[in-house]
Amino acid sequence: MNIDEKLQILADGAKYDVSCSSSGGEENPGAIGCNKTSGICHSYTSDGRCVSLLKVLFTNFCIYDCSYCLSRSSNDIPRAAFSPRELADLTINFYKRNYIEGLFLSSGIIESEDHTMSLLIKALEILRFEHGFKGYIHLKLIPGSDPALIARAIKLATRVSSNLELPSSKSLQLLAPQKSHSSVLQPLKFAREFSLAAGRKKPIGMSTQMIIGATPESDFDILKTSSVMYERKLLKRVYYSAYIPVNSDTKLPALKTPPLKREHRLYQADWLLRFYGFSHGEILHKRKNLDMEFDPKTVWAFDHMELFPVEINAADREMLIRIPGIGIRGADKIIRARRHRALGFDELKKLRISLKRARYFITAKGRYYGVSRMYPEEIKKRLQSSSKRQLTLFDQATLFGEL
Amino acid sequence: MAHLVFDGSFEGFMTLVYECYHRRTTPRIISTEAPKTLFEDSIIDIQTDIQKCERVLTGLRKNLSDRHLKTVYHLFLYDKEEIFLDLFRYIVLGFKNVRLLEDPSIDTVRRVEDARKRMFRYLHKMEGFLRFEELEDGTMYAAAELEFDVLYFLGKHFARRLGNEKFIIHDRRRKRAFVYGSGEFQIYDVAAFKLPERSREEKKFARLWRVFFDSVSIESRRNDKVQRNMVPLLYRKYMTEFN
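Keeping their order, the protein sequence lines are chains E and B.
My numbering puts the first sequence at residues 1043 to 1445.
My numbering puts the second sequence at residues 3 to 245.
It should be emphasised that the hints constitute simulated quantities derived from the structure, not laboratory data.
Note that the coordinates shown come from a computational prediction; the quantities given were computed from them, not determined experimentally.
Treat each hint with caution, since some may be false.
[Said to hold, decoys possible] Okay, derived cross-link-like pairs now, SDA-like style, lysine to any residue, Cα gap no bigger than 20 Å in a straight line:
hint: 1; chain 1: B; residue 1: Lys158; chain 2: E; residue 2: Pro1071
hint: 2; chain 1: E; residue 1: Lys1303; chain 2: B; residue 2: Glu221
hint: 3; chain 1: B; residue 1: Lys227; chain 2: E; residue 2: Pro1301
hint: 4; chain 1: E; residue 1: Lys1392; chain 2: B; residue 2: Pro106
hint: 5; chain 1: E; residue 1: Lys1375; chain 2: E; residue 2: Lys1407
hint: 6; chain 1: B; residue 1: Lys227; chain 2: E; residue 2: Ser1088
hint: 7; chain 1: E; residue 1: Lys1375; chain 2: B; residue 2: Glu104
hint: 8; chain 1: E; residue 1: Lys1391; chain 2: B; residue 2: Asp116
hint: 9; chain 1: E; residue 1: Lys1392; chain 2: B; residue 2: Leu102
hint: 10; chain 1: B; residue 1: Lys168; chain 2: E; residue 2: His1173
hint: 11; chain 1: E; residue 1: Lys1375; chain 2: B; residue 2: His70
hint: 12; chain 1: B; residue 1: Lys119; chain 2: E; residue 2: Ser1396
hint: 13; chain 1: E; residue 1: Lys1375; chain 2: B; residue 2: Arg69
hint: 14; chain 1: B; residue 1: Lys206; chain 2: E; residue 2: Asn1135
Using the sequences and the hints, build the whole thing.
Set out below in C-alpha cells:
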C-alpha cells in the first residue's frame, strides 16, 4: 500500500474526533518547531472546521468492536498502519511547509494496548529526539496500557486526552462493552499524577470528547458530567461531537442529519461553565434539555427577569457578562470605556457592542431602549423577528476554532 | 488646513508631525503623492529631516507609554493612506494628554485601535495560511501579497520555528523579501526574481497534503459558507490545498 492510500484511510478514520486545538503550549523554540500560545488555524475544510494539526490514526486495525466507531473490528473496511518513522517524517515535512501546527495522534488498538502505546511513543520519540521537534503534539492515551508507558508518553506530548465517548457509563456499557468510564479516565488520572510528580507546576493539559445524540442522556446529564471534570480540574476542555452514523447497528439510532444545533448549544453552555461563572444547575434548572431556539444565556435571563434591566454604567463584571449578547470582551470594553465617561446607547454602538439581544436587558444612563413592557414573551417575539433574517448565519456558527 | 505630502517613510511622517507643530497647521489630507489636480488649497511638501524626526520621537518617548509608542510604530506598518490622518491625530492627542489615548469613545483612538487589531488579526491569519515550498537547495520559499506591511513580524515568527532551516518570504505586492539563514535575517528589495526549481520531494508532500485535506472533511457537515468566511478566496491564491 502506498503512502497516499495510507494517509487517506488513516485521516478518514480520525476525522470524527473534533478536537483540533493547538493552543496552550509553551513557546519554546527548538531545532524545528515552536508552539504559539494562542494556537494557529492553518486551513478550513469544506465543513468549515479548522485544520490545525495533522490529525491521523496511527492505525485503524482494532481489536475492539465499539458500535459507534468506524474502525470497529467487525467492519469490513480497508486497514492500514503507519510505521513510526513514516509518520514522523510526514509530520516534519508538513510542518516545514507550514501546513500544520503539529500532530494529533490517535489509534486503533493493534495486537494489545501496550503494543499500540509503544508504537505511538516510538513515533513521538523520533519527532522529539531525532528531529528536535518542539511543536504541538496531542496524544490520545490508550486506556488499559501500562502506567509506565503513560509516564513516558506525557513527557513527549504537549497535551493528552482520553475520550469518555458517551455521556454515561451505562451507554458505554451498551455500545462499547470493552470500555467503561473508569477505564477511559484511568490514563488521565495517571497522567495528572505523573506530570505533577515530575515537577510540573500544572498538570499536562488534558481533554476529552463525548458523542452527542447516539444515546438517551439529557443535556443536563451531559453538562453535569462536564462540570464534574472541570471542578475536579481533571480536564481543560470537553469536546462535544454530534453523532454521525458511520455504522448501521440496531443499538444505534438512525439519524438523517447529525444534531448540529444541539452540539452548538452544548458548546455555548460549556463556555458559560468555563468562562462565565455559571453552574450546570443554573443553566438547566427546571429543564432537562437546552432550548433550541434561544441560546442558554438568554434562556437564563428570561428565567431571571427580576435581575434585569442591568445598568451598564454600574454593574460589576460578573453581572455584565451575564447579559445576553455581551461577552467577555464586550464587558471588558465597557469597563474600560466607562472609566472616562458614563456610557449611553450611542457610546455602546461606537464601542461596537452588539445590542441586538442586549438592548432588552440593559439600561444606559438610566434609559431603556428595549420593549415597552419588559415581559419575556414580548422580548422573545422581537428576538424571533430579528433573528429570522439571520437564521442561516446563526445556524452555521461553529465553535471549533481556537481559544 | 492643508494637504501635506511626505515620502512615505516613518522618518518622513515624524518630520511631518514636527512641521505641523512648527507651522501651527492642521493637516486636512496626508498623502505620499502630490495631487494631480491643482484645486488644492495649500500643499505642503515635507522634506524628510532626521533631526526633526528625532525631536518628535524624543517627545513621543517622553510623553507616551510603551504600549502607545508601539501602537504608533505598528500603525505605520498599516501601510494605507487612509490611516495617516488618524495616526497624526493620535499623536497630537498623546502630546496633549496621554490618558486620552485610553478612551475608546474618542473616534480617533477607536479607529487607531481597530486598525491595529485588524492588522494583527491579519498577521495571525497569515501565520497560519502562508505556505512554503522546498527549493532544490533545501531553502523553503513562500510567496504572498501582503495586505499590510507585516513582513518583518511574519519573518520573525517563522525564524522561531524554522530556526535550522533557510527560508524566504516574498511579498510580491511590495517586491520585498525576508531572507533567513543560520540565525540571521535580512529584508531585501526584489526587483526581478526567477524562482529556482522545486526539490524532488516537493510535489509528493504537496500532493499528500491535498489528500489529507480532502479526506478530513465530513460530508454530512458540509458548510462552504463557513469555509469561505474563514478562508476568504483572496487568501487562497498561494495555498497549496486550494490549487
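Structure-based check of all given hints:
no., hint, result
1, B:Lys158 - E:Pro1071, "holds, 12 Å"
2, E:Lys1303 - B:Glu221, "holds, 17 Å"
3, B:Lys227 - E:Pro1301, "holds, 19 Å"
4, E:Lys1392 - B:Pro106, "holds, 9 Å"
5, E:Lys1375 - E:Lys1407, "holds, 17 Å"
6, B:Lys227 - E:Ser1088, "holds, 9 Å"
7, E:Lys1375 - B:Glu104, "holds, 11 Å"
8, E:Lys1391 - B:Asp116, "holds, 14 Å"
9, E:Lys1392 - B:Leu102, "holds, 16 Å"
10, B:Lys168 - E:His1173, "holds, 16 Å"
11, E:Lys1375 - B:His70, "holds, 17 Å"
12, B:Lys119 - E:Ser1396, "holds, 18 Å"
13, E:Lys1375 - B:Arg69, "holds, 17 Å"
14, B:Lys206 - E:Asn1135, "holds, 10 Å"
Every hint from the earlier list agrees with this structure, and none is contradicted.
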